[in-house]
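Chemist: Listed here are the chains, written in short residue letters.
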Amino acid sequence: AQKITQTQPGMFVQEKEAVTLDCTYDTSDPSYGLFWYKQPSSGEMIFLIYQGSYDQQNATEGRYSLNFQKARKSANLVISASQLGDSAMYFCAMSRYVMDSNYQLIWGAGTKLIIKP
Amino acid sequence: DTGVSQDPRHKITKRGQNVTFRCDPISEHNRLYWYRQTLGQGPEFLTYFQNEAQLEKSRLLSDRFSAERPKGSFSTLEIQRTEQGDSAMYLCASRRVGQNDNSPLHFGNGTRLTVT
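Chains U and E, in that order, give the protein sequences. Just so we're aligned: 53 in this note's numbering is position 53 of the first sequence, and the numbers increase by one with no gaps anywhere. Throughout, this note's numbering is defined as the position within the second sequence, counted from one, plus 1000.
Do not take every clue at face value.
[Stated by the list, open to error] DSSO-like mimics (lysine-lysine), calculated; alpha carbons at most 27 Å apart, straight line:
#, chain 1, residue 1, chain 2, residue 2
1, U, 3, E, 1057
2, U, 112, E, 1011
3, E, 1071, E, 1057
[Said to hold, decoys possible] Per the computed footprint, the stretches of chain E lying under chain U, defined by three or more beta-carbons under 8 Å from a beta-carbon of chain U, are:
#, stretch
4, 1013–1025
5, 1028–1042
6, 1070–1081
7, 1085–1093
Just so you know, these hints were derived from the structure itself, not from any lab. Even for Gly, the Cβ is constructed at its ideal location relative to N, Cα and C.
Taking the hints into account, I'd like the entire structure generated from these sequences.
Modeler: Quick look at the structure:
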């Protein structure tokens, strides 16, 4: 069965340090996508970065990069030079394609990241 | 670029009352999704629309829940005879499906429902 595991319920990191948030997944589908979302205390779920299962290069978006290791089934999020505004819940999600260009998202339990000044 | 808008942000209601939430997606997005999120959990899929057609409903969506997207633009989610277990954050998301099937969901700020 498809499953996303985020093993770090909470993390404290010093401002300006790099952060790695862990995500492992389990699927038997040959094609899937991996997403990271940020959810501040305000509640909005903000899309950060996407990696397709067939993408050869690791995805990068500004300070965010996705360390995709397909053989290990891991898709860790790396945030460089952390800022106070990075404090939030972070969710890893995997897409499972169903039909008609639609996918279902399977979500991890999230990691609460707190950046210390 | 206007994001996904949800109204209200917060709703407190008494058990047994009906509530309705509204979602305005990003204008060029043809797919609209409703999710429910309880504290400490990731979102759970409820239903989605392709334009005005409701294409899939989760088994989480009991008979007390109904969603509409009458003109293929905004959507409403109604909960009848609310129960305390309905207390959650209700998230709306939209995406544009075209050449790129991997387009991400864009979420609104959510409506936080508290049933007393």
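Chemist: Keeping to a limit of 27 Å between CA atoms, is the pair of residue 112 of chain U and residue 1011 of chain E held or broken?
Modeler: holds (25 Å)
Chemist: Can you take a look at whether the stretch 1028–1042 of chain E is actually covered by chain U? Rule is 3+ residues, C-beta closer than 8 Å.
Modeler: The restraint on the stretch 1028–1042 of chain E holds, since 4 of its residues have a Cβ under 8 Å from chain U and three suffice.
Chemist: Hey, residue 3 of chain U versus residue 1057 of chain E, does the alpha-carbon distance stay inside 27 Å?
Modeler: With a Cα-Cα distance of about 21 Å, the restraint between residue 3 of chain U and residue 1057 of chain E holds, given a limit of 27 Å.
Chemist: Between residue 1071 of chain E and residue 1057 of chain E, is the straight-line Cα distance small enough, at 27 Å or below?
Modeler: holds (19 Å)
Chemist: How does the stretch 1013–1025 of chain E fare against chain U when you require at least three residues with a CB closer than 8 Å, holds or violated?
Modeler: Contact hint for the stretch 1013–1025 of chain E vs chain U: violated, 0 residues under 8 Å.
Chemist: Would you say the stretch 1070–1081 of chain E counts as covered by chain U, given the rule of at least 3 residues with C-beta under 8 Å?
Modeler: It is violated, with 0 qualifying residues against the three required.
Chemist: Are at least 3 residues of the stretch 1085–1093 of chain E within less than 8 Å of chain U when you compare beta carbons?
Modeler: n = 3 at 8 Å, threshold three: holds.
In the structure shown, a violation is registered for the earlier hints numbered 4 and 6, in ascending order.
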